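Peer 1: Kindly produce the complete structure, drawing on both the sequences and the hints.
Those sequence lines, one after another, are chains G and E.
Going by the working numbering, the first sequence wraps up at 201, each residue one higher than the last.
Going by the working numbering, the second sequence wraps up at 242, each residue one higher than the last.
Hints were generated in silico from the structure; no laboratory data involved.
Note that the structure is a prediction, hence the values are computed from the model and not measured.
Note that CB positions come from ideal geometry on N, CA and C, so glycine has one too.
Warning: the hint list may mix true and false statements.
Stated by the list, open to error - Computed list of chain G residues with no C-beta within reach of chain E, every gap over 12 Å:
1) Val12
2) Gly55
3) Leu124
4) Val132
5) Gly133
Stated by the list, open to error - Here are some of the chain G residues that sit facing chain E, going by a computed Cβ distance under 8 Å:
6) Phe4
7) Leu13
8) Leu24
9) Trp101
10) Val105
11) Leu109
12) Gly110
13) Ile136
14) Ala140
15) Val141
16) Ala143
17) Ala177
18) Asp178
19) Gln179
20) Thr182
21) Leu184
Stated by the list, open to error - List time: in silico SDA-like cross-link candidates among lysine to any residue, alpha-carbon distance up to 25 Å:
22) G:Lys32 x G:Ala143
23) E:Lys174 x G:Thr186
24) E:Lys190 x G:Ala143
25) E:Lys173 x E:Ile138
26) E:Lys190 x G:Gln102
27) E:Lys164 x G:Leu13
28) E:Lys164 x G:Val173
29) E:Lys174 x G:Leu187
30) E:Lys135 x G:Lys32
31) E:Lys190 x G:Gly55
32) E:Lys174 x E:Arg149
One-letter residues, chain by chain:
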Amino acid sequence: MSLFAEGIRSSVLACSYSVLLVGLALVVLRRKDRMVVLGMFAASTIFSAWIRAAGISNFLAGRVATVLLVIVGLALALMVNRRPAGLAGSALLGTFAGATWQPCVGEELGGVLTLAQDQAGVALLLLAVYLVGVMIPLVAVMALCSYVPAIRRWMDARWVALGAKAVIAAMGVLVLADQYDTLLSTLARWSATWSGYSVLE
Amino acid sequence: MKMDSRLVLLAVLAAGVIALGWTWLIGEDPEEAALETEAALETTTSSVANTVADEEQDAAAVTTTTVPATTVPTTTTTAPTTTTITFPTPEVLGEVHPPLVEIDGWLQSQVESLEELRGKVVVVEFWTFGCYNCKNRIPYTQEMYAKYRDQGLEIVGIHSPEFKYEEDVENIKKALVDLGVTWPVALDTKRRTFWEWQAGGTAYWPRTYVLDREGRVRFDHIGEGKYRELEQTVAFLLSEGM
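Peer 2: Given below as structure tokens:
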């Protein structure tokens, strides 16, 4: 229970943005089957994060990382003008999100990550619980779209879609230019300032 | 959206609310846990003292101690006169600690390598000042430093930035003052040491290691927490050389 709660708490911290930004892009732009797409995104995020945590593979190493970055950059860029990602696209973006995720390692997650090195199977389940907690804001956005017609209309408004597409296009360009870290860095500093966690002025 | 999807959504959100409520209302408060650790260590000390006193006073009496089982593993003998309390010997996790690689400089330090600290018990902590969980560890580290520094403990913070703004030395210096970090800090700007010590794609902030007086790795923990085990390890290793 506390592992799940720790995941929810960390969803407001900068360390979760790499997962939430991509997930939010999927949820906002996808008008149908949002739940299925988000489910696939979550599953692939969990899986790739687990592969890293268990030390099975490091997606961020060498050529694999470069290829993945380019593919994801193209996928994000394509989402601007075409139908937003389907199941395969969600899986790809989830893999990217899990691979680039640098978690906030609290007390509970610390235990899971330590465990992952010896008992990978158990760690997979625990990591899933934690990451579902991290993705609660996405679930909340989906629920709002589903239950509140005014919000659904607002989300479907043309200017919101345009705004979301602009953000996604920028993300795609940054990923392709290998500057995605700059975006996360800026968001991290911004969030640290407003949340009172920053020690800098 | 179908009804069953809505139910799943609701269930996940409800679980989230319950989980948050559970941990906030019933969960362990880190400060309280630290106080418990303190109390437990004091209990251990007093229990040992009591045992000695009992041995001296009444050789035939059976001594009972009340050390919390979850705090300090104990070995209670059934011999009529003694109750011995032993700390678990920290396992040797590595005969030689990994090297510091391409360190860009040191702050607040009179040494420039871990080798110069042989003979001391050294806590090596990978952190970065913008990391929320790293900052949460600092009060406990400060307390431990104040308590054991005179007994031979040294702490080395290896500052491995996650983001660009954490690479700026002036920002780091300001953070050290603001956060109250008084121990030596090695600057690992390109994260070479960070990856050297945490090879295999499992690198995280914060990560804490303890080296014994011979430089062997005796403790390894990812993230916050395990303050009790950390302090026990440090206390044990310090007592080893006495």
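Peer 1: Against each hint, give a clear statement of whether it holds in the structure.
Peer 2: Checked hints:
1. Once the 12 Å rule is applied to beta carbons, Val12 of chain G is inconsistent with being away from chain E; the minimum gap is 10 Å.
2. The claim that Gly55 of chain G lies off the interface is violated: its Cβ sits roughly 4 Å from the closest Cβ of chain E, which falls inside the 12 Å cut-off.
3. With a least beta-carbon separation of about 14 Å from chain E, Leu124 of chain G lies farther than 12 Å from that chain, consistent with its non-interface assignment.
4. For Val132 of chain G, the requirement that its beta carbon stay farther than 12 Å from each beta carbon of chain E is not met, with the minimum near 7 Å.
5. Separation of Gly133 of chain G from chain E is inadequate, the least Cβ-Cβ distance of about 7 Å not exceeding the 12 Å criterion.
6. Annotation: Phe4 of chain G was flagged as interfacial toward chain E, and the flag holds, the nearest CB pair being 4 Å apart, inside 8 Å.
7. At about 5 Å, the closest approach between the beta carbon of Leu13 of chain G and any beta carbon in chain E falls short of 8 Å, and the interface hint on this residue holds.
8. Nearest Cβ of chain E to the Cβ of Leu24 of chain G: about 16 Å, over the 8 Å cut. The hint is violated.
9. Against a cut-off of 8 Å between C-beta atoms, the interface hint on Trp101 of chain G is violated, since the closest Cβ of chain E lies about 11 Å away.
10. Hint status for Val105 of chain G relative to chain E: holds, with the closest Cβ pair at about 3 Å, below 8 Å.
11. A hinted interface residue such as Leu109 of chain G counts as satisfied when its beta carbon comes closer than 8 Å to some beta carbon of chain E; here the least separation is about 6 Å, so the hint holds.
12. With a cut of 8 Å, the hint placing Gly110 of chain G at the interface with chain E holds, because the nearest CB-to-CB distance is about 2 Å.
13. Interface restraint check: Ile136 of chain G against chain E, minimum CB-CB distance 5 Å, threshold 8 Å, status holds.
14. Satisfaction of the interface hint for Ala140 of chain G is found here, the shortest Cβ-Cβ separation to chain E being roughly 6 Å, below the 8 Å cut-off.
15. About 10 Å separates the beta-carbon of Val141 of chain G from the nearest beta-carbon of chain E, more than 8 Å, and the hint is not met.
16. Look at Ala143 of chain G: its Cβ gets to within about 5 Å of chain E, closer than 8 Å, so that hint holds up.
17. For Ala177 of chain G, the shortest C-beta to C-beta distance to chain E is roughly 15 Å, which exceeds 8 Å, and the interface hint is violated.
18. Annotation: Asp178 of chain G was flagged as interfacial toward chain E, and the flag is violated, the nearest CB pair being 13 Å apart, outside 8 Å.
19. The closest approach between the C-beta of Gln179 of chain G and any C-beta of chain E is roughly 10 Å, which is over the 8 Å cut-off, so the hint fails.
20. With 8 Å as the threshold, the beta carbon of Thr182 of chain G comes within range of chain E, its nearest partner Cβ sitting at about 7 Å, so the hint holds.
21. Checking Leu184 of chain G against chain E by beta carbon gives a least distance of about 7 Å; that is within 8 Å, so the hint holds.
22. For the proposed pair Lys32 of chain G and Ala143 of chain G, the alpha carbon gap of about 13 Å is at most 25 Å, so the pair holds.
23. Distance hint between Lys174 of chain E and Thr186 of chain G is fulfilled; the C-alpha atoms sit about 19 Å from each other, no more than 25 Å.
24. Annotation: proposed proximity of Lys190 of chain E to Ala143 of chain G is violated, straight-line Cα distance about 42 Å (limit 25 Å).
25. Taken as a hint, the Lys173 of chain E and Ile138 of chain E pair is honoured in the structure, with Cα atoms around 15 Å apart against an allowance of 25 Å.
26. A C-alpha spacing of about 16 Å is found between Lys190 of chain E and Gln102 of chain G, which places the hinted pair at or below 25 Å, so the restraint holds.
27. For a cut-off of 25 Å, the pair hint linking Lys164 of chain E to Leu13 of chain G stands: about 17 Å separates their Cα positions.
28. Straight-line distance between C-alpha atoms of Lys164 of chain E and Val173 of chain G comes to about 19 Å, which keeps the hinted pair within the 25 Å bound.
29. With a CA separation close to 21 Å, the supplied pair Lys174 of chain E and Leu187 of chain G stays within the 25 Å bound.
30. Annotation: proposed proximity of Lys135 of chain E to Lys32 of chain G is violated, straight-line Cα distance about 42 Å (limit 25 Å).
31. Between Lys190 of chain E and Gly55 of chain G the CA atoms are separated by roughly 22 Å; this keeps the pair inside 25 Å, and the hint holds.
32. Proposed proximity of Lys174 of chain E and Arg149 of chain E is supported: the alpha carbons are some 24 Å apart, at most 25 Å.
The structure shown violates the earlier hints numbered 1, 2, 4, 5, 8, 9, 15, 17, 18, 19, 24 and 30.
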